[in-house]
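Enquirer: Given the coordinates of chain A, work out where chain B should sit on it, guided by the hints.
Protein chains in written order, with the numbering used here: chain A, 2 to 326; chain B, 2 to 326.
Treat the hints with care, as some may be off.
Which copy? The list can't say, so a pair holds if one copy fits it or any two copies do.
As the list claims (entries may be wrong) - With a cut-off of at most 30 Å between alpha-carbon atoms, the simulated BS3-like pairs for lysine-lysine come out as follows: (1) K191 with K278; (2) K278 with K71; (3) K71 with K307; (4) K169 with K188.
These aren't lab readings, by the way, just hints derived from the structure by calculation.
There are 2 protein chains.
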Amino acid sequence: MRIVITGGAGFLASRLARKLLERGRLTDTRGEERELRSLVLLDVVAPADPISDSRVISVTGDLADPAVIKHAVARDTDTVFHLAAVVSGQAEADFDIGMRVNLDATRTLLERCRTLAAPPKFVFTSSLAVFGGPLPDPVPDDAPLTPQASYGTQKAIGELLVYDMTRKGFIDGRSLRLPTITVRPGKPNKAASSFASGIIREPLSGVDAQCPVAPTTRMWVQSPRTVIDNLIIGHEAPARAFAHTRSINVPGICVGVGEMVNALRAVAGDAVADRVKWNHDPAIDRIVATWAPNFAPKLGPALGMKSDSDFANIIRAYIADELHR
Amino acid sequence: MRIVITGGAGFLASRLARKLLERGRLTDTRGEERELRSLVLLDVVAPADPISDSRVISVTGDLADPAVIKHAVARDTDTVFHLAAVVSGQAEADFDIGMRVNLDATRTLLERCRTLAAPPKFVFTSSLAVFGGPLPDPVPDDAPLTPQASYGTQKAIGELLVYDMTRKGFIDGRSLRLPTITVRPGKPNKAASSFASGIIREPLSGVDAQCPVAPTTRMWVQSPRTVIDNLIIGHEAPARAFAHTRSINVPGICVGVGEMVNALRAVAGDAVADRVKWNHDPAIDRIVATWAPNFAPKLGPALGMKSDSDFANIIRAYIADELHR
Numbered sequence: 002m003r004i005v006i007t008g009g010a011g012f013l014a015s016r017l018a019r020k021l022l023e024r025g026r027l028t029d030t031r032g033e034e035r036e037l038r039s040l041v042l043l044d045v046v047a048p049a050d051p052i053s054d055s056r057v058i059s060v061t062g063d064l065a066d067p068a069v070i071k072h073a074v075a076r077d078t079d080t081v082f083h084l085a086a087v088v089s090g091q092a093e094a095d096f097d098i099g100m101r102v103n104l105d106a107t108r109t110l111l112e113r114c115r116t117l118a119a120p121p122k123f124v125f126t127s128s129l130a131v132f133g134g135p136l137p138d139p140v141p142d143d144a145p146l147t148p149q150a151s152y153g154t155q156k157a158i159g160e161l162l163v164y165d166m167t168r169k170g171f172i173d174g175r176s177l178r179l180p181t182i183t184v185r186p187g188k189p190n191k192a193a194s195s196f197a198s199g200i201i202r203e204p205l206s207g208v209d210a211q212c213p214v215a216p217t218t219r220m221w222v223q224s225p226r227t228v229i230d231n232l233i234i235g236h237e238a239p240a241r242a243f244a245h246t247r248s249i250n251v252p253g254i255c256v257g258v259g260e261m262v263n264a265l266r267a268v269a270g271d272a273v274a275d276r277v278k279w280n281h282d283p284a285i286d287r288i289v290a291t292w293a294p295n296f297a298p299k300l301g302p303a304l305g306m307k308s309d310s311d312f313a314n315i316i317r318a319y320i321a322d323e324l325h326r
Numbered sequence: 002m003r004i005v006i007t008g009g010a011g012f013l014a015s016r017l018a019r020k021l022l023e024r025g026r027l028t029d030t031r032g033e034e035r036e037l038r039s040l041v042l043l044d045v046v047a048p049a050d051p052i053s054d055s056r057v058i059s060v061t062g063d064l065a066d067p068a069v070i071k072h073a074v075a076r077d078t079d080t081v082f083h084l085a086a087v088v089s090g091q092a093e094a095d096f097d098i099g100m101r102v103n104l105d106a107t108r109t110l111l112e113r114c115r116t117l118a119a120p121p122k123f124v125f126t127s128s129l130a131v132f133g134g135p136l137p138d139p140v141p142d143d144a145p146l147t148p149q150a151s152y153g154t155q156k157a158i159g160e161l162l163v164y165d166m167t168r169k170g171f172i173d174g175r176s177l178r179l180p181t182i183t184v185r186p187g188k189p190n191k192a193a194s195s196f197a198s199g200i201i202r203e204p205l206s207g208v209d210a211q212c213p214v215a216p217t218t219r220m221w222v223q224s225p226r227t228v229i230d231n232l233i234i235g236h237e238a239p240a241r242a243f244a245h246t247r248s249i250n251v252p253g254i255c256v257g258v259g260e261m262v263n264a265l266r267a268v269a270g271d272a273v274a275d276r277v278k279w280n281h282d283p284a285i286d287r288i289v290a291t292w293a294p295n296f297a298p299k300l301g302p303a304l305g306m307k308s309d310s311d312f313a314n315i316i317r318a319y320i321a322d323e324l325h326r
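The following block holds chain A by itself, in its conformation from the complex (with noise of 0.2 Å):
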């Protein structure tokens, strides 16, 4: 089996690639069980802490570029991950850089899909974005799609993409909707929910961070463990799963940034807690609030999707995993 990651040089791609080598066997569009053979790490930049594995083969390249995603993506290729984003932040700020990799590239892909010895599993990594306006809270399953910002715009084009390829027989396509994912390891990013990862990241390290919102703002997250897990249960559910749409609101939990500076007192005392600093930012905060913060996912749970049991096990988990204490 012969599987394809964009944004591979990504935290989230270089996470869910160490899980795939390890289990070592995945679905394919047949329904049948086969081996991983080789791991197509796809991005701009290299790896900056390369995977030593003989299945592991890097790609550095522009991903808008079609000769780039044919010499990735090769023709026996049986499943990409497309996780390669410019993100909401910058996205809002770069209107043509959005369009360009948010769009332009997803459809570049998927189009090379479609050249493929067999249509491929294509999972898409969309977002909570897509959601905004006025929402019931929670938010179900078939609430309309109204973004309110560019990125949430260009990953609802997306999904529209995915599912009617995979209508046309295209692709095998499956869209998750994932929750802000937090803590993030690395350093601050363009994301409007880089934040959220700051805000426990840098406490720990001994630094202070600036929460450009309100501690009553409340949030729909998940951990990078929850989330790896969700995207391989994502990919392994078969097409039978689904009905008339390949989107899936990702379970996640609710919680309040005030709750999470709490969590993070709790986890790790008052002197980590107190490095974060309430420091407003109207540009940020305008784009977290079109984000609804509470879902009522069916279909996620259904396929066996899970959330994480509460905010404080976040934080340990990241502790665990980046700090290794």
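Expert: Using the frame of chain A, we list chain B on its own:
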């Protein structure tokens, strides 16, 4: 005021153009009523029945070609009515041509609009085909978009782009989800809904018509007269009349195909109505079956949009407008 109509050689564009020329004035993005000075009809073919009016400019060229768009949509364009599309049956039969015209050309046009002297009004003719799958009856304005054919998918993507580019201030967009338009004059086309005109038009011209769906099939329909009025109402509506979406479910009437033929019988007699032959076509029936037949529009009527009174009146309007009797 300079107006561009795409699909300018088509029946609807031609009706719209005549109505706009007669009206002579429209409201621009800033809310000022201005005199119509030039009206560009852009299409891949020249109009069969050119309008003789010094304000009309015909431009012939491929809508997916940015150079053609740039030429037709001059820098001082105030309004674009984007009517050009590959119809439902053709978009389903040929995925690539549907994507090229319904998605790529729409995007090229929107990108051109970003470069104009001022953000233009952009009236996009979407379709009730953006809906599909299990839906409430009647369908509310905020029903989810889960199109079940490529045409509806491409229109839904167009709506997402129109809204996002409106939100960014690039255009002042409005997406009108039109009911099935009947009775269209002329010849059958590759729209899956083509029969909804054919079963009235052909018998009135003494020709047998094949009806590919069952008499119990219900449809959401509107006469060309009323559609044109609604397109202009959609254009004239002030930006403040919209909230978190620019998509409008245009009011129509829900009518069974059997009732349509009964209305033809009442208006034109048995001999005419008996020219309708029930000849089931699974390919067309499959597409039509994915369209919701009944809506409960709120935003459209709030903007002043109208529906026809009943189907017999739709037939009478066709006889008056097109057969001149």
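Enquirer: As a check of your reading, is K169 near K188 (CA-CA no more than 30 Å) within one copy, between copies, both or neither?
Expert: This pair counts as between: shortest inter-copy Cα distance 29 Å, intra-copy 41 Å.
Enquirer: Under a CA distance limit of 30 Å, which applies to K191 and K278: within one copy, between copies, both, or neither?
Expert: within (19 Å within a copy, 62 Å between copies)
Enquirer: What label fits K71 with K307 when the C-alpha limit is 30 Å: within, between, both, or neither?
Expert: Answer is neither: 34 Å inside a copy and 51 Å across each miss the 30 Å cutoff.
Enquirer: Are the CA atoms of K278 and K71 at most 30 Å apart within a copy, between copies, both, or neither?
Expert: Cα proximity of K278 and K71: none, with 47 Å in one copy and 50 Å across.
Violated hints, in rising order: 2, 3; the structure is consistent with all others.
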